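Colleague: Now for the letters of each chain:
Number of protein chains: 2
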Amino acid sequence: MERHLDVELRHLQERLLTMASLVEGSIGRAIHALVSREAPLAQQVVHSDEPINMAEIDIDELCLKMTALYHPEATDLRFIMMAFKINNDLERIGDLAVNIAERTLELLKEPLLKPLIDIPRMATVAQGMVKDSLDAFVKRDAELARAVCRRDDEVDRLNDQVFRELLTCMLQDPRSIERAVELILIGRHLERIADHATNIAEDVVYLVQGRTIKHHVAGE
Amino acid sequence: MERHLDVELRHLQERLLTMASLVEGSIGRAIHALVSREAPLAQQVVHSDEPINMAEIDIDELCLKMTALYHPEATDLRFIMMAFKINNDLERIGDLAVNIAERTLELLKEPLLKPLIDIPRMATVAQGMVKDSLDAFVKRDAELARAVCRRDDEVDRLNDQVFRELLTCMLQDPRSIERAVELILIGRHLERIADHATNIAEDVVYLVQGRTIKHHVAGE
Chain A
271 MERHLDVELR
281 HLQERLLTMA
291 SLVEGSIGRA
301 IHALVSREAP
311 LAQQVVHSDE
321 PINMAEIDID
331 ELCLKMTALY
341 HPEATDLRFI
351 MMAFKINNDL
361 ERIGDLAVNI
371 AERTLELLKE
381 PLLKPLIDIP
391 RMATVAQGMV
401 KDSLDAFVKR
411 DAELARAVCR
421 RDDEVDRLND
431 QVFRELLTCM
441 LQDPRSIERA
451 VELILIGRHL
461 ERIADHATNI
471 AEDVVYLVQG
481 RTIKHHVAGE
Chain B
271 MERHLDVELR
281 HLQERLLTMA
291 SLVEGSIGRA
301 IHALVSREAP
311 LAQQVVHSDE
321 PINMAEIDID
331 ELCLKMTALY
341 HPEATDLRFI
351 MMAFKINNDL
361 ERIGDLAVNI
371 AERTLELLKE
381 PLLKPLIDIP
391 RMATVAQGMV
401 KDSLDAFVKR
411 DAELARAVCR
421 RDDEVDRLND
431 QVFRELLTCM
441 LQDPRSIERA
451 VELILIGRHL
461 ERIADHATNI
471 AEDVVYLVQG
481 RTIKHHVAGE
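Chains as they are written, first to last, in the numbering used here: chain A, 271 to 490; chain B, 271 to 490.
Each hint should be verified, as a subset may be incorrect.
Repeated chains share a single entry, so a pair holds when one copy, or any two copies, can fit it.
[What the hints assert, rightly or not] List time: in silico EDC-like cross-link candidates among lysine to aspartate or glutamate, alpha-carbon distance up to 20 Å:
1) Lys-379 - Glu-461
2) Lys-335 - Asp-346
3) Lys-379 - Asp-430
4) Lys-379 - Glu-452
5) Lys-335 - Glu-452
6) Lys-401 - Glu-326
7) Lys-401 - Asp-423
8) Lys-384 - Asp-405
9) Lys-379 - Glu-448
Keep in mind that the hints were calculated from the coordinates and are not lab data.
A quick note: this is a predicted structure, and the numbers were derived from the prediction, not measured.
Using the sequences and the hints given, assemble the complete structure.
Modeller: Here it is as structure tokens:
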């Protein structure tokens, strides 16, 4: 017979997946708004922060209630504590998508600086990392989680490239400075989204293998 | 008679305070290195990340073990879960201090752009917020925690000021661009430190009053 706790754990997982899809949607829309210069879409991302914040509070409460009610042990406890952490990372990813949308709204007041290539590429990688880290969580797939961690370097590399190109842009034409700074900050936001996805993936490895790969203490 | 759990809870609190003081020290040294242009001090901050990372892992483990072993309820459980969260915020504050130190090392390769006034001021406020949020945690002082949350606006305001001044600087003299961008990013790092302190303070209010003020859902 299925335990009550199992039903609740599945429920918790579903809630987290719903939250993750809200957050992924926000990243996608924020970057789409930036690339296709659609202010209403950016506005939509800013407003979508509220349901994400409410979802975070609900999931936190659920984790606390489950721990108090079922006294879960070993794997179940680890699962709940990791869900509690992942929830926090997802909410911050949502905040970062809002930050991107806000900067996009600023950028849209000015003409296009230059066609965007690396930023959308970074966004695609970062979004994929968020998606895969949650997939790894659902499937308890430590290998997939480790692959997510490795992709963080790609995002960092792209971000360095974006940073250097925009610096050159500013040096060549001071009129580009304001827009270039906004784009540099968008690059930073994407880099942080990838960092949060990496945190989630590290938590999944811990959940599955019971040992931490955080800060590369256990090596790879 | 004192419960075993009480001894462990006090132990957990002490570990968290030690971690907090490591992190506060890193912020202080990173800003001192920036202002007084001392590269070896900045290097020291970069290297101090390792003990902070180790402390985070230890505290996480402790939280999990305590929950599994004592089946804590109500206030005790909330305390442990909040410690688990605060631990994560502290580690990220430590990372941000390292980021500031790394940018400082870049800046020290070039002559001083301009005397720094608002950035050290932001740093002082942010550092005070970290300290007070932990004090509020130890004393279960919701009022102090709420005061921390209110100071977040001051940091945001200072950061906007720093941002605008540095933009003007870049527009007036393109040779200042690289250094100005570094300083803008340092401002962002400090703003994020203040955000993490605000998260901790919000968690303290939740711990003490059992209701969330996150995302201003419950209002003030």
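Colleague: For each hint, tell me whether it holds in the structure or not.
Modeller: Structure-based check of all given hints:
When the C-alpha separation of Lys-379 and Glu-461 is checked against a cutoff of 20 Å, the pair qualifies neither within a copy, at 24 Å, nor between copies, at 25 Å. For the homomeric pair Lys-335 and Asp-346, the shortest alpha-carbon distances inside one copy (14 Å) and between copies (13 Å) are both at most 20 Å. In this assembly of identical chains, Lys-379 and Asp-430 lie within 20 Å of each other by CA distance solely across copies; the values are 19 Å between and 26 Å within a copy. Within a single copy, Lys-379 and Glu-452 get their C-alpha atoms as close as 12 Å, which meets the 20 Å cut-off; across copies the closest is 25 Å, which misses it.
Taking the closest pair of Cα atoms, Lys-335 and Glu-452 never come within 20 Å of each other, the shortest separation being 42 Å inside a single copy and 45 Å across copies. In this homomeric assembly, Lys-401 and Glu-326 come within 20 Å of each other (Cα to Cα) only inside a single copy, at 18 Å, whereas the closest approach across copies is 26 Å. Taking the closest pair of Cα atoms, Lys-401 and Asp-423 come within 20 Å of each other only inside a single copy of the chain (17 Å); across copies the shortest separation is 33 Å, beyond that limit. In this homomeric assembly, Lys-384 and Asp-405 never come within 20 Å of each other (Cα to Cα): the closest approach is 35 Å inside a single copy and 49 Å across copies.
Taking identical chains as interchangeable, the C-alpha atoms of Lys-379 and Glu-448 lie at most 20 Å apart only when both belong to the same chain, with a minimum of 11 Å there against 24 Å between chains.
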